[in-house]
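Trainee: Below are the chains, spelled out letter by letter.
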Amino acid sequence: MTSISLSSALKASAAALAIAGAAGFAIAQGNPPTTSSPNPATGAGQQAQGNTPMGTTGTTPAAQGSGTTSSDSAASGSTSGSGTMSSSTDTSMPRRSDTDTMRTARADRN
Amino acid sequence: MSANLPGLAPGFLALAVAAALAGPAPARAQGELQSLVHWVRATGDNQGTSFAVIDKKGARVHVFDAAGKEQGSAPILLGLARGDDSVPGIGERPMAQIRPEERTTPAGRFATEPGRNLQGEDIVWIDYDAAVSMHRVRATNPAERRLERLATPGVEDNRISYGCINVPAAFYDTLVKPTLGTRRGVVYVLPETRSLAAVFGSRIADSSSSAGASRRR
Numbered sequence: 006m007t008s009i010s011l012s013s014a015l016k017a018s019a020a021a022l023a024i025a026g027a028a029g030f031a032i033a034q035g036n037p038p039t040t041s042s043p044n045p046a047t048g049a050g051q052q053a054q055g056n057t058p059m060g061t062t063g064t065t066p067a068a069q070g071s072g073t074t075s076s077d078s079a080a081s082g083s084t085s086g087s088g089t090m091s092s093s094t095d096t097s098m099p100r101r102s103d104t105d106t107m108r109t110a111r112a113d114r115n
Numbered sequence: 008m009s010a011n012l013p014g015l016a017p018g019f020l021a022l023a024v025a026a027a028l029a030g031p032a033p034a035r036a037q038g039e040l041q042s043l044v045h046w047v048r049a050t051g052d053n054q055g056t057s058f059a060v061i062d063k064k065g066a067r068v069h070v071f072d073a074a075g076k077e078q079g080s081a082p083i084l085l086g087l088a089r090g091d092d093s094v095p096g097i098g099e100r101p102m103a104q105i106r107p108e109e110r111t112t113p114a115g116r117f118a119t120e121p122g123r124n125l126q127g128e129d130i131v132w133i134d135y136d137a138a139v140s141m142h143r144v145r146a147t148n149p150a151e152r153r154l155e156r157l158a159t160p161g162v163e164d165n166r167i168s169y170g171c172i173n174v175p176a177a178f179y180d181t182l183v184k185p186t187l188g189t190r191r192g193v194v195y196v197l198p199e200t201r202s203l204a205a206v207f208g209s210r211i212a213d214s215s216s217s218a219g220a221s222r223r224r
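Protein chains in written order, with my numbering: chain U, 6 to 115; chain P, 8 to 224.
Bear in mind the hints are in silico, worked out from the structure with no lab data behind them. Check each hint, because a few of them may be wrong.
[Said to hold, decoys possible] Across the chosen pairs, the derived CB separations fall in these ranges:
(1) Gly161(P) - Met107(U): 18 to 24 Å
(2) Arg111(U) - Ala204(P): 20 to 26 Å
(3) Ala110(U) - Ala118(P): 31 to 37 Å
[As the list claims (entries may be wrong)] Some chain P residues judged to face chain U by a derived CB distance under 8 Å, without partners named:
(4) Leu87
(5) Gly90
(6) Gln104
(7) Pro121
(8) Leu125
(9) Trp132
(10) Val139
(11) Ser140
(12) Ser168
(13) Tyr169
(14) Cys171
Backbone N, C-alpha and C fix where the C-beta goes; we use that ideal spot for every residue, glycine too.
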């Protein structure tokens with residue numbers, strides 16, 4: 006008699022826990038996701054500034070001109086007192102110099 | 008660099024220059040030359056670059072600046088065989104495997120570029136794929152008598168090369184190298200077995216008839 010009532014109590018407890026869990030899950034699903042962060046400080050830290058690609062937060066466009074980005078960004082943000090164009094700009098816009106495009110030497114028909 | 012070339016013997020150079028000043032081209036070739044140059048000037052077909060016209064019948068090269076003003080002309084050596092086309096694949100074959108009848112200088116319009124051959128000599132590529140270039144005359148094979156051929160006033164003996172255009176060395180250094188030898192340009196090779204219109208199109212033929220009419224007036 007005692008074992009029967011203990012088993013019934015355990016079953017009732019398990020059923021209660023299952024119902025409570027399901028209800029909690031349903032309530033959680035009822036809350037729509039939000040893009041706003043409750044803590045603006047942490048939320049802003051994960052957003053790119055100035056259209057920089059993700060993962061480069063904190064770097065300025067000028068710093069990106071070190072050779073890992075396109076020459077356009079470098080040219081717009083890294084104008085220094087030297088007044089010379091960076092080499093990355095030259096490679097992104099090849100000049101059609103005659104010497105640069107000279108074909109491979111080969112035998113001619115004399 | 009050019010001092011190492013065998014084509015620079017002073018005596019032969021003097022003869023070549025004398026031949027350049029003499030030796031008028033046949034009247035028919037002169038008419039086609041004038042028609043082509045008239046058309047190039049009128050249409051700007053040279054696209055603002057220096058250009059040259061190879062007159063195979065007259066065995067001469069005429070060099071023009073970008074504005075179409077003639078800078079000079081000189082006798083040339085051409086491919087041994089008469090014909091206006093290159094045999095397909097000839098640029099990949101050793102010269103020893105090129106038959107005499109295949110040694111043609113092709114006719115047409117060619118966008119040229121400076122280049123070098125396997126000996127390191129600076130040349131002007133006329134048809135890179137067909138291995139046709141314009142270069143200083145080469146006298147490496149005395150039996151061919153290339154320098155003598157350049158010096159004679161006639162044109163019949165100017166056919167000796169495998170397709171390339173041989174120019175007097177002094178003329179090359181003075182006019183060809185500063186124009187076509189340092190930047191891109193255009194070379195027009197007049198035909199010798201086909202008509203001007205067949206090679207360059209009917210628009211030149213129309214230009215030819217109108218130019219002829221204006222000359223007759």
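Trainee: With reference to the structure, classify each hint as holding or not holding.
Mentor: Verification of the hints:
A beta carbon spacing of about 37 Å between Gly161(P) and Met107(U) contradicts the range 18 to 24 Å that was offered as a hint. Distance hint for Arg111(U) and Ala204(P): a CB-CB separation of about 33 Å, inconsistent with the stated range 20 to 26 Å. One distance hint, 31 to 37 Å for the beta-carbon pair Ala110(U) and Ala118(P), is violated here, with the actual separation near 19 Å. At a threshold of 8 Å, the smallest CB-CB gap from Leu87(P) to chain U is about 10 Å, leaving the interface hint violated.
Against a cut-off of 8 Å between C-beta atoms, the interface hint on Gly90(P) is violated, since the closest Cβ of chain U lies about 13 Å away. Interface hint status for Gln104(P): violated, as the beta-carbon distance to the closest one in chain U is roughly 12 Å, over 8 Å. Contact between Pro121(P) and chain U, as hinted, is supported at the beta carbon level, the nearest pair being about 6 Å apart and thus within 8 Å. Hint status for Leu125(P) relative to chain U: holds, with the closest Cβ pair at about 5 Å, below 8 Å.
Given the 8 Å rule on beta carbons, the hint for Trp132(P) holds: about 7 Å separates it from the nearest Cβ of chain U. Taking 8 Å as the C-beta contact cut-off toward chain U, the hint placing Val139(P) at the interface holds, the least distance being around 6 Å. Evaluation of the Ser140(P) hint against chain U yields a held restraint, the C-beta minimum of about 4 Å falling below 8 Å. Contact between Ser168(P) and chain U, as hinted, is supported at the beta carbon level, the nearest pair being about 6 Å apart and thus within 8 Å.
Look at Tyr169(P): its Cβ gets to within about 4 Å of chain U, closer than 8 Å, so that hint holds up. For Cys171(P), the interface hint holds, since its Cβ comes within 8 Å of a Cβ in chain U; the closest pair sits about 5 Å apart.
In the structure shown, a violation is registered for the earlier hints numbered 1, 2, 3, 4, 5 and 6, in ascending order.
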